[in-house]
Each structure stands twice: as structure tokens, then as C-alpha cells.
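Engineer: Using the sequences provided together with the hints, build the complete structure.
Same order as they appear, the protein sequences are chains U, A, B and S. Heads up: the first sequence is residues 1 to 178, going by my numbering. Heads up: the second sequence is residues 1 to 101, going by my numbering. Heads up: the third sequence is residues 1 to 371, going by my numbering. Heads up: the fourth sequence is residues 1 to 139, going by my numbering.
Simulated from the structure, these hints should not be mistaken for lab results. Backbone N, C-alpha and C fix where the C-beta goes; we use that ideal spot for every residue, glycine too. It cannot be assumed that every hint is accurate.
Computed far set for chain A versus chain S, every beta-carbon distance over 12 Å [unchecked claim]:
#, residue
1, Leu-4
2, Tyr-5
3, Ile-13
4, Leu-19
5, Val-20
6, Met-22
7, Ile-23
8, Ile-31
9, Ser-42
10, Tyr-49
11, Asn-55
12, Asn-56
13, Asp-94
14, Ala-96
15, Thr-97
16, Leu-99
Distance ranges between label pairs, derived from CB positions [to be verified]:
#, chain 1, residue 1, chain 2, residue 2, range
17, B, Ile-40, S, His-40, 40 to 48 Å
18, A, Ser-42, U, Met-23, 16 to 24 Å
19, B, Asp-330, U, Gly-167, 24 to 32 Å
20, U, Tyr-101, B, Thr-32, 45 to 53 Å
21, A, Glu-89, S, Gly-122, 21 to 29 Å
22, U, Tyr-101, B, Val-329, 49 to 57 Å
23, U, Val-110, S, Ala-116, 52 to 60 Å
24, B, Val-72, S, Glu-113, 53 to 61 Å
25, S, Leu-21, A, Leu-99, 50 to 58 Å
26, A, Asn-55, B, Leu-19, 26 to 34 Å
27, S, Gly-122, B, Leu-324, 22 to 30 Å
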Amino acid sequence: MFLQLLFISSALLTVLCAIGVLMVKNIMHSCVFLLGSLLGVAGLYATLGADFVAVTQIMVYVGGVVILMLFAVMLTGGKDFISRAQNLLGLPASMGNKLTYGVGLLVGLVFVLTNIKLLMGIAQTIPSKMINNEFPSTVSQIGHLLVKDHVLAFEISSVLLLGALVGAAIIARPRKQN
Amino acid sequence: MMNLYSYLIISLILFVVGLVVMIARKNIVAILLGIELILNASALNFVAYSRYVTNNLDGHIFSLFIIVIAAAEAAVGLAIVIRFFQIKETIHIDEATQLRN
Amino acid sequence: MNQTVVSYLSKYEFYDSLLALFGNNQGVLAFTIYLLLALIIVGMCATIGGLGTYAERKISADLQARVGPNRVGPYGLLQFLADGVKMMTKEDIMPFTADKTLFYLAPLLCLTGVFATLAVLPFSGGFIMADLNVGIFYLVAISSLVGLGVFLGGYASNSKWSMLGGMRGASQIISYEIPVTISILAIVLLAGGMGFGTIVGQQGGLPHQWFLFHNPFAFMAFFVYSVGALAETNRAPFDLPEAESELVSGYHTEYTGMRFGFFALAEYIEVFVVCGVAASLFLGGYNIPGISIDILPIQAVQFVVFMTKTLLLYYVVIWIRWTLPRLRVDQLMSVCWKYLTPIAILNLMGCAIWMVVFNGKSIAELVLGGH
Amino acid sequence: MIPAEFDGLMPVVIFMGLAVLLFFGGHFLSVVLAPKKPSHLKSTPYECGELPVGSAWSMFNVRFYVVGLIFIIFDVESVLMFPVASIFKELNEMGQGGYALIIFLSFISVLIEGIAYCWRKGDLDWVKSFQHSLKKETK
Numbered sequence: 001m002f003l004q005l006l007f008i009s010s011a012l013l014t015v016l017c018a019i020g021v022l023m024v025k026n027i028m029h030s031c032v033f034l035l036g037s038l039l040g041v042a043g044l045y046a047t048l049g050a051d052f053v054a055v056t057q058i059m060v061y062v063g064g065v066v067i068l069m070l071f072a073v074m075l076t077g078g079k080d081f082i083s084r085a086q087n088l089l090g091l092p093a094s095m096g097n098k099l100t101y102g103v104g105l106l107v108g109l110v111f112v113l114t115n116i117k118l119l120m121g122i123a124q125t126i127p128s129k130m131i132n133n134e135f136p137s138t139v140s141q142i143g144h145l146l147v148k149d150h151v152l153a154f155e156i157s158s159v160l161l162l163g164a165l166v167g168a169a170i171i172a173r174p175r176k177q178n
Numbered sequence: 001m002m003n004l005y006s007y008l009i010i011s012l013i014l015f016v017v018g019l020v021v022m023i024a025r026k027n028i029v030a031i032l033l034g035i036e037l038i039l040n041a042s043a044l045n046f047v048a049y050s051r052y053v054t055n056n057l058d059g060h061i062f063s064l065f066i067i068v069i070a071a072a073e074a075a076v077g078l079a080i081v082i083r084f085f086q087i088k089e090t091i092h093i094d095e096a097t098q099l100r101n
Numbered sequence: 001m002n003q004t005v006v007s008y009l010s011k012y013e014f015y016d017s018l019l020a021l022f023g024n025n026q027g028v029l030a031f032t033i034y035l036l037l038a039l040i041i042v043g044m045c046a047t048i049g050g051l052g053t054y055a056e057r058k059i060s061a062d063l064q065a066r067v068g069p070n071r072v073g074p075y076g077l078l079q080f081l082a083d084g085v086k087m088m089t090k091e092d093i094m095p096f097t098a099d100k101t102l103f104y105l106a107p108l109l110c111l112t113g114v115f116a117t118l119a120v121l122p123f124s125g126g127f128i129m130a131d132l133n134v135g136i137f138y139l140v141a142i143s144s145l146v147g148l149g150v151f152l153g154g155y156a157s158n159s160k161w162s163m164l165g166g167m168r169g170a171s172q173i174i175s176y177e178i179p180v181t182i183s184i185l186a187i188v189l190l191a192g193g194m195g196f197g198t199i200v201g202q203q204g205g206l207p208h209q210w211f212l213f214h215n216p217f218a219f220m221a222f223f224v225y226s227v228g229a230l231a232e233t234n235r236a237p238f239d240l241p242e243a244e245s246e247l248v249s250g251y252h253t254e255y256t257g258m259r260f261g262f263f264a265l266a267e268y269i270e271v272f273v274v275c276g277v278a279a280s281l282f283l284g285g286y287n288i289p290g291i292s293i294d295i296l297p298i299q300a301v302q303f304v305v306f307m308t309k310t311l312l313l314y315y316v317v318i319w320i321r322w323t324l325p326r327l328r329v330d331q332l333m334s335v336c337w338k339y340l341t342p343i344a345i346l347n348l349m350g351c352a353i354w355m356v357v358f359n360g361k362s363i364a365e366l367v368l369g370g371h
Numbered sequence: 001m002i003p004a005e006f007d008g009l010m011p012v013v014i015f016m017g018l019a020v021l022l023f024f025g026g027h028f029l030s031v032v033l034a035p036k037k038p039s040h041l042k043s044t045p046y047e048c049g050e051l052p053v054g055s056a057w058s059m060f061n062v063r064f065y066v067v068g069l070i071f072i073i074f075d076v077e078s079v080l081m082f083p084v085a086s087i088f089k090e091l092n093e094m095g096q097g098g099y100a101l102i103i104f105l106s107f108i109s110v111l112i113e114g115i116a117y118c119w120r121k122g123d124l125d126w127v128k129s130f131q132h133s134l135k136k137e138t139k
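Structural biologist: What follows is the structure in C-alpha cells.
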């Protein structure tokens, strides 16, 4: 019961905030809607029993990426966007008229529906085992996987992050104008 | 109610919205927001499959690394946005037409 | 599977009669117990936060040879209630240039981030709302909502003082999160788990069993944590985001009445939470020396032990505020990145090497030889 | 089987819900109790008595972004270190302490390289490099 409620509220938060990101003109509000969507995804992870991934999602996105995006918006002149902003309804005419959108929507819908049908067919062949409400601790298993099976990815990710740090610092470093 | 499909549909919606954000918005920061949504959709799929299909935690590891890569991508992408703004004084994507100078 | 306060209570017999009272519906009973205890904890923390403002004035008065508040109630003890009533009856003013949605949202983010941390704070062995497996990691993660709230509060006001305070606040909070997190990592490494139950359970009641005196690196990590935590909660000497003498009052310059009250409440509760975390990570938490039986009265004693340690740390925080002068921004950043972070990383490496070389034994165990 | 209510999610959600409730309750009380006499001058942004000039949403120094950048990289690295740190003791007791130590230290050493690079390039100083760039400009 509780899990269902958590699932529904997280799903609604995720989807509605994602649509908010799309529809809102102000880029600052878009970032805050993204924050809501990411929190909703964290809630969905929690309902899937992925406690460590859920907390990682909060830690990296809420504490890191969203703040970084807000900083970037401020650094490029916060109010500048409100006038320049574009939303779905303000699409440039070169991107098509109502007919193209209608046909695209229809094709997309058919595609999605067939895919769901296909997925359902596939999934029905999979025995649904282990689906209970019990959440095993994932932390120590993830730790073991990180130092045993995925140790190369673990080490290389540190190199990737070093590269990202150095590259981004070089790009963003304040320098002499002109 | 809570089964694989509901998670897949949510992740599908996230993916589509992210794609539309990437296509429709002209602000580079907004395009990065769209990319974050898409990456989240894929990570959600991995975790959902890991719980309902494979029954091991490799999916969690995958989504963990997706989050790591998303953070690195956001860091570099926003650095490029800021540099672009210093040169062009705008962050409208259509202004990005030159490879150098 | 995480231990919670309900699964702890279900070991006792009265739980079964309670369950019968609720028509054997475990969900409803669990919800009721959680809600009651959560209300108690929130009320307690709000009172502690309120008394914190009182203590702040009283201690500062002591340090400056003044009297301090002494009109409302005995010794001025009810001053915080008067302040609360005053805040509620103040007019809500919003700058007409403000971003109205975000202006509403910012205090909520701060409040949510702080309240959510209370769920994993170990008040005693049984009285920990949820002993999550990811306990301390969850606490660090969810409290980053506060930094976001500070930034959005500063941004949404559209006032220059607020904007400067919000920018400074956000960059300070995120910077100091790094040494704090790495110091916590050192303790996670020593304890072999992230849950508060595991971490506190690895320590004992006597000082030589605490992680503070486990090895020299953990000892250093405590001070790195303390400095970083002071900065993360925007306390003096790191109160640059709300420096009265230069930024009016920083990110909440434009906030009045109840909304300002929420910011203040969140800040004071956060100080309490940070002190509680320090007490349970480094100072042995709720452990009582020499007692290992697990009955309900013992839980009360454990609670008292935990609160004593936490409130002593709270006193030290206030004491520091009225003793040390404020840092400059460049000093703030160089303290974080050039001193605390390298020291924290070295502590982490030292702890890892200590674990392998001495097989996880603390100094006391090595010296005394034995268990 | 253990019902999900026993797991730790519920208290977390309840605390967040209480925060939201308190927020709206406080707002409600304030709406009921507080006076409401708005005026234009009252709702101007505070600027020490002067009328505010321009918007506060202006551009900020790139320093803030560089700090955020270093933060996010370290944040992610600490996230990856958490699960390894929490099983370090277990591995040590299983006799694999040396292996775990090598993995852990090599991970941290890359972290140190990052901070050493930023230190050397002056990204960690707040004022000095700013003065440095000013000096360049005056040349």
C-alpha cells in the first residue's frame, strides 16, 4: 500500500516535472522542474529497492548537477533568458506545421504501442520470481561488484573524472578578454 | 500497478520529453537539461530490468556509472556553454555556427 | 532490510496488543507509530532550535558581560516562543521584482532537506526512526537540498545583497561538503558500514573505544569534519553568506515573517543535526559504558547520553561563534581547498593503510593488547 | 515475508511530508494572523534606503563555476568510494586487505592529481589569480 502510494507520487512528480521542463519559458524554472523530475526518479529507484542508486541520484544531481546548472545560468546573465526563451509552442516555422506534427505524433504513437505490445510479449515469457516487498541491502553487494567484477570500470571512471575536471577547468578558466 | 511496464512507460515518457526538449529549445543550457532527462530514462530502465528480469545488481552498477558520466558530461558541457557565452555574449544554439574564431 | 523503530518495538510484547488494537493491519500501525514519533522528534528539534536562539543570546551575553534576555518567562526562557509569535504576526512582504514561485519554494527546500535528515539520526539504539543501510550517505545527500534552497532564496529575491549572499552561500556549502564527505568516508571505512546502527555499534561507551581515538587519522578527521560542518551550516566564523556587517543579512534579506522563520528554524535544526552526527560518528554516540542489555529503560539512558554529547557540541558551536572573527571569501576558499581537502584525503589514505597494517585494531587495543 | 512498512522508506517520506505540512501550516497561520498593507515602496528590494538600480540578476565571476566544477567531480568520486569503503573492513577480514588497499589508493591518487592540477594552475585561489588576470589586462 505504502509502496504503491510512493510509486504513484514519484511517477507523477517525475512525469509532470519533466513536462514542466519542456513547457516553461524561464530557464531558471526549467532547472527547478528538472530538480523535481530527478527527485521523482530517486523515489522510483527507492521503490525498486535500489537504495544506494537512489541516494546517489540525490547526491550527484540535486547536490551537484542542478546547482552547477543554476550557476551556469547565473554566469551567463540570469534575466537574459526570459526574453530569449523558446518553448514548444514557440517553435520556429522551419521545423514544420501542424500537419507534420500530427503525422509525427501518430507515427510515434503507433511505434510506442507496437513496442509495448512486443515488450509485453517478451516479458510474459520471463518467469516473475522474487517479486516481493523485501529489500535486500544493496550497498555491500555493489561494493563487492565494484572491487571484483567491475574493478576496471571503477578505476577508469576516476581517470574519466580527472579528464573531465582538467578539460572543463581549461575551458571555463577566466582569461583575458579578446 | 507496480510492474516492469509502468517503469518502462515512465522511462519512455522521460526519454521522449528529453528528446523534445533537446530539439525544440534553443537555449544551450536547456538542451543540457534534455540530455540529463534522457540519461535518467536509461538509468531507470537499467534498474527496473535489474529488479524484475535479471535479478542481480549489474543494472545498479550500470546506472551508477551512467550517473557518473552524466555528471562529467554536465561539467564539461556547462564549461563549454560559459566559454561560448564569453565569446558570443549569447547562448542561443543557432549562434554556434563556427568551428573556430 | 533496514532496522526501524517499528521493527525494534515489534520485539516487545505490547506491540502485539497494539497490533490487535489496529485490527492486525501492520501498515496502519506502523504509520501511526512513525507519525507520532516523527511529530515528537520534530517538536523536540524545533524546541531545541528555539532554545538555541535563546542560548545563543544568553551565551553571547555572558561572553560580553551583559545580561541577555530576561523578561519573558523565568530567566527569559520563553523568549523563543515570543519570537515565534512575533514572526507569525509580521506582514509577509515580497519584493515586486522577485521571482514569486521560487521565492515561495526556497524555504521549503531548506526545511525539507533538514527535516529529512532527522529520519536517520540515532537518538538511541532503538529510537532511530530508520536505520538505513545507506544512513550517513543519505544524510549527506539530502542535506545538499539546503544549499539549493539558499541559492534559490538569494536568486529569487532579486536584491543585490540576497544574490551575493546566495551565490556565496551555495559555493561555500558545496565546497565544504567535500572535506566533510571525505572525513565521513574515513569513518565508514573504519566501521565497515554506512548505517548509523553499524557505525555506533562499532564503538563503545568509554573514550578509548570511540572512533575519535581509534587512530591519529580519525582524530584529525574529527577536526576536519567539525570545521567543515561549521561552514556547511553557515555558522561563524564561516557566516559569510549572511554576514550582517557587509551583506545586510545575505540570502534572507528580503524574507520576512514566517518565511524568514523557516530559514532560521532550518538553520538551527541543521546545527543540531550536524552536532548529532559528530557525536555518533566520532564520540561514541548513544553508547553507555559497561551496559549491554537491551531493555526499554536503557533506551532512555542512551537517549540522555546522546543528547548530552550533542548539546555539549552545540554549546561549543555557539562559543566559537562569539569568539572568532569572520573569514574573508578568499581565505574561506583556500581553507577549504588548500588545507581541509588535502588533509581529509590524507586522513582517508592513512585510515585505509592503518586498517590493513594493524588489522583494524585501534590504538587502545594495540597498547592494552587484547580484545 | 516482511511488509514494506517495516523498511526505512516510510519515516523518510513522513519527515519530508511533515516539512511540507509545517511550511503550508505556517503560511496559513501567517495569512490569518499577519496584517496586510502592501505598498509599492514597501515591496522594493532593500538597498540601504536607495531606490534599487537595475536587476540583481547580473553576470557573476566564472570563479563560482570553477568551484562548482571541482566540487561536482569530487562529489562523484566520493560517491564511488562509499560502497568500497563500506566493504573495506569485510575484505580486510577476509584476507584481501592488500588488494582492496591497492584499488582504493590508486583511485584516491587520481583524485589527488586532479586537486594538484587545479592548485598549480591557480584555480583554487580566489583573489590572486583574479589580480593576475587584471595585471595581464593592464599590460
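Engineer: Next, verify each hint and record whether it holds.
Structural biologist: Verification of the hints:
no., hint, in the structure
1, Leu-4, "holds, 18 Å"
2, Tyr-5, "holds, 20 Å"
3, Ile-13, "holds, 23 Å"
4, Leu-19, "holds, 25 Å"
5, Val-20, "holds, 26 Å"
6, Met-22, "holds, 22 Å"
7, Ile-23, "holds, 27 Å"
8, Ile-31, "holds, 18 Å"
9, Ser-42, "holds, 18 Å"
10, Tyr-49, "holds, 21 Å"
11, Asn-55, "holds, 17 Å"
12, Asn-56, "holds, 15 Å"
13, Asp-94, "holds, 21 Å"
14, Ala-96, "holds, 19 Å"
15, Thr-97, "holds, 23 Å"
16, Leu-99, "holds, 23 Å"
17, B:Ile-40 / S:His-40: 40 to 48 Å, "holds, 45 Å"
18, A:Ser-42 / U:Met-23: 16 to 24 Å, "holds, 23 Å"
19, B:Asp-330 / U:Gly-167: 24 to 32 Å, "holds, 25 Å"
20, U:Tyr-101 / B:Thr-32: 45 to 53 Å, "holds, 51 Å"
21, A:Glu-89 / S:Gly-122: 21 to 29 Å, "holds, 26 Å"
22, U:Tyr-101 / B:Val-329: 49 to 57 Å, "holds, 50 Å"
23, U:Val-110 / S:Ala-116: 52 to 60 Å, "holds, 56 Å"
24, B:Val-72 / S:Glu-113: 53 to 61 Å, "holds, 58 Å"
25, S:Leu-21 / A:Leu-99: 50 to 58 Å, "holds, 55 Å"
26, A:Asn-55 / B:Leu-19: 26 to 34 Å, "holds, 32 Å"
27, S:Gly-122 / B:Leu-324: 22 to 30 Å, "holds, 28 Å"
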